[in-house]
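**Q** Hey, can you work out the whole structure from these sequences and the hints?
In order, the protein sequence lines correspond to chains A and B. So in the working numbering, spot 112 of the first sequence is number 93, and the numbers just go up one at a time. Position in the second sequence counted from 1, then plus 3, gives you the working numbering.
It cannot be assumed that every hint is accurate.
Unchecked claim - Computed from the model, here is a short list of chain A residues facing chain B with C-beta under 8 angstroms:
hint : residue
1    : TYR41
2    : THR51
3    : ARG58
4    : PRO61
5    : PRO62
6    : CYS211
7    : VAL214
8    : GLU216
9    : PRO218
10   : PHE235
11   : GLY243
Unchecked claim - Part of the chain B face toward chain A, derived, beta carbon under 8 angstroms:
hint : residue
12   : VAL13
13   : SER160
14   : PHE163
15   : ILE254
16   : CYS257
Said to hold, decoys possible - Quick list of in silico lysine to aspartate or glutamate cross-link-like pairs, EDC-like style, CA-CA up to 20 angstroms:
hint : chain 1 : residue 1 : chain 2 : residue 2
17   : A       : LYS236    : B       : GLU284
18   : A       : LYS261    : B       : GLU284
19   : B       : LYS175    : B       : ASP202
20   : B       : LYS175    : B       : GLU148
21   : A       : LYS237    : B       : GLU284
22   : B       : LYS92     : A       : ASP54
I should point out that these hints are in silico values taken from the structure, not numbers from a laboratory. Cβ atoms here follow ideal geometry from the backbone N, Cα and C, with glycine treated the same way.
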Amino acid sequence: MRMSWLPQGHLEAFLNLLEPYGTVHGPTVLENGVTALAPITSPDDLELKYRHTLIPPKKYLLPFRDPILTLNDGCYRPAPPVAPNLVLFGLHRCDLQAISYLDRVFLGDDPDPNYAGRRERLTLVGLSCEPDDFCYCDPAQPAAVDLFLDQAENGFLVTPHSPRGEKIMSEGTGLFLSSDHLPSLLVPLAPPPTPQDPELRFSDNPLWEEYARICLSCGACSACCPTCYCFDVREYPSLDHGGNRLREWDNCLFKKHGEVAGGDFRRSRLDRLRYRFLHKYCGFSPLQGVTSCVGCGRCAKACPVGIDLRNVLEVTYRGAEPATTRDQATGTGEVS
Amino acid sequence: MTPHGATVHVPAPAVLMERRELTGDTSLIRIAPDPSATGWLSSYIPGQFIQLSVPGAGEIPVSLADMPRQNGIIELCIRRVGHVTDRLKALVPGNRLGVRGPFGVGFPVQRMKGSPVLLLAGGLGIAPLRSLLYYLVRNREEYGEITLLYGAKEIRSMLFRDELAELALRRKLRLYLTVDFAPQGPTGDVECAVGLLPDLLKGFRFEANRTYAAVCGPPAVYRCLASELEEAGVAPERILLSLERRMCCGIGRCCHCAVGQLLCCTDGPVFPLSVLRQIPEAL
Chain A
-18 MRMSWLPQGH LEAFLNLLEP YGTVHGPTVL ENGVTALAPI TSPDDLELKY
32 RHTLIPPKKY LLPFRDPILT LNDGCYRPAP PVAPNLVLFG LHRCDLQAIS
82 YLDRVFLGDD PDPNYAGRRE RLTLVGLSCE PDDFCYCDPA QPAAVDLFLD
132 QAENGFLVTP HSPRGEKIMS EGTGLFLSSD HLPSLLVPLA PPPTPQDPEL
182 RFSDNPLWEE YARICLSCGA CSACCPTCYC FDVREYPSLD HGGNRLREWD
232 NCLFKKHGEV AGGDFRRSRL DRLRYRFLHK YCGFSPLQGV TSCVGCGRCA
282 KACPVGIDLR NVLEVTYRGA EPATTRDQAT GTGEVS
Chain B
4 MTPHGATVHV PAPAVLMERR ELTGDTSLIR IAPDPSATGW LSSYIPGQFI
54 QLSVPGAGEI PVSLADMPRQ NGIIELCIRR VGHVTDRLKA LVPGNRLGVR
104 GPFGVGFPVQ RMKGSPVLLL AGGLGIAPLR SLLYYLVRNR EEYGEITLLY
154 GAKEIRSMLF RDELAELALR RKLRLYLTVD FAPQGPTGDV ECAVGLLPDL
204 LKGFRFEANR TYAAVCGPPA VYRCLASELE EAGVAPERIL LSLERRMCCG
254 IGRCCHCAVG QLLCCTDGPV FPLSVLRQIP EAL
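**A** Shown next as structure tokens:
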């Protein structure tokens, strides 16, 4: 794979190089102090040493509220496509792996038209990161990316990972210098093991009860998860016999998630926590056995009561002593 | 032929043709889908479901109450229980609807050939089983004895009583009915026991080792019925249960309907007991 050296001073020119591929969005700190992916106009807007954004890049592929059908005189038609060309600059490996997972869900059999439309117009530029206390990652997992930038002192080592990535680099003659030296790459933390045994999956570990007792069902863990994609479908009629059918983010921690007319299949918080755990770490058909946790650590950081579902894995599979939620809540210091 | 491309995502137009009130809150409707949809609807296997759209209200998963007709017309048995079925209740013949599907895995009618079939229906569970029942009756010579055990809350809420009695009279099936409660006096012109469905099954004699059992009813009865059937000697692989879950998309994406690691919409809604036994929260 061809690697090239992008000196720090060429970053602005590199961003300009990306512009023909769409509006460039990257990590930035908003006025309210939240780190988010937002439009970038100059390298000064970029927060290159960011930990992670509060809301993951799924917001671009699966908007919170997304029209899927329009209704006119009782007839449904596909909602008109609204996907702009977009470049996401500076995504960490975990978020790129998350997009790779979402691709498997939404571009498999019967590709989802809205997702496919947006994905096709999306260019992904990755950026290396430094792990924090909450995250781990497994570099062996597939990641969706066109170009990857490894941060080093005074510049970036750039690697193309797709024909589009190759093309961008070929257009930037003069920007990149050939490089023989590799920047020192960080050693990622070990990911927790993947659960396989159905008996253990539903283990009677007391940690489950403890988590169920303190969980607030706020759904923050799922909302900030880069691979949580559950959606609800709602119809909003208009007064002229028309209307829209929308897809909206749903959350398996909410009670309504398992409800049907006249019944509820996940009554207790324990049921709902297990449902999330099962989907995240064991996968639903046809992605059984595929862990969709990419180790970004957002859920553990966002949880107001310090629940970290990965502890269930550690305790169940590695026989580790369960970390009490109090330890976690106080030990982590900041909870934003 | 299964739905593909746009037909998976966009409801095909359909027209409400006829409505017959069965009880105070339940009706049987006939709808005519657009000819573009009748091809893939004709592939319907009993136990599968479609997504029925009521314009302006939304979409619900529902099983067909009979096999699709040659002319493409389909029959659905609908109980008014939510805002979509509320709106449906207000529609009149000629009004527009939408259909997507069929989706999911139905009853293994090919594998069941040559075997006796025992159908167990509780309450509204008779609606999806009715499509299986008519499929079996129309292909009568390919199957062993067909028996229907049907339990309802009370005589008034028992659906399709007359047509079931007629099928029994024509010796197309053995029919046993039971109601949870019976007021004083006769239960009408059809013989009917008083008691719960699992009780009716308890004293029932049948060729258990060769029989396929098809079960559909309120979630509460599954555990009892499954145990009774197993105790009687029916192999768990031959005990087929049609599960209810919240199925929004029908194609395994919205992730509301998981049963363990399986999805009710794509791996079910019909599952053999041998599979469900492995899943702690399934029944």
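**Q** Under 8 angstroms is the threshold here; is the Cβ of THR51 of chain A close enough to any Cβ of chain B for the hint to stand?
**A** Cβ of THR51 of chain A sits 10 angstroms from chain B, so the hint is violated.
**Q** Double-check PRO218 of chain A for me: the hint is only fine if its C-beta lies closer than 8 angstroms to a C-beta in chain B.
**A** holds, 4 angstroms
**Q** Would you check the hint for LYS92 of chain B and ASP54 of chain A, treating anything up to 20 angstroms between C-alpha atoms as holding?
**A** holds, 19 angstroms
**Q** Was the hint right that TYR41 of chain A lines chain B, CB cutoff 8 angstroms?
**A** violated, 18 angstroms
**Q** A closest beta-carbon separation below 8 angstroms is what the hint needs, so does VAL13 of chain B meet it against chain A?
**A** holds, 6 angstroms
**Q** Checking hints one by one. Is CYS257 of chain B an interface residue toward chain A, by the C-beta closer than 8 angstroms rule?
**A** holds, 5 angstroms
**Q** Could you grab the alpha-carbon distance between LYS236 of chain A and GLU284 of chain B and see if it respects the 20 angstroms cut-off?
**A** OK: LYS236 of chain A and GLU284 of chain B at ~16 angstroms, within 20 angstroms.
**Q** Would you check the hint for LYS261 of chain A and GLU284 of chain B, treating anything up to 20 angstroms between C-alpha atoms as holding?
**A** Cα-Cα ~17 angstroms, so holds.
**Q** Going straight from one Cα to the other, do LYS237 of chain A and GLU284 of chain B come out at no more than 20 angstroms?
**A** Status holds; Cα separation ~18 angstroms.
**Q** Report holds or violated for the interface hint on PHE163 of chain B, using the least CB-CB distance to chain A and a cut-off of 8 angstroms.
**A** violated, 21 angstroms
**Q** So, as I understand it, the hint says ILE254 of chain B touches chain A; can you test that by seeing if any CB pair is closer than 8 angstroms?
**A** Since the shortest Cβ distance to chain A is 6 angstroms, the answer is holds.
**Q** Under 8 angstroms is the threshold here; is the Cβ of PHE235 of chain A close enough to any Cβ of chain B for the hint to stand?
**A** violated, 11 angstroms
The structure fails to meet hints 1, 2, 4, 5, 10, 13, 14 and 19 from the earlier list, while all remaining hints are met.
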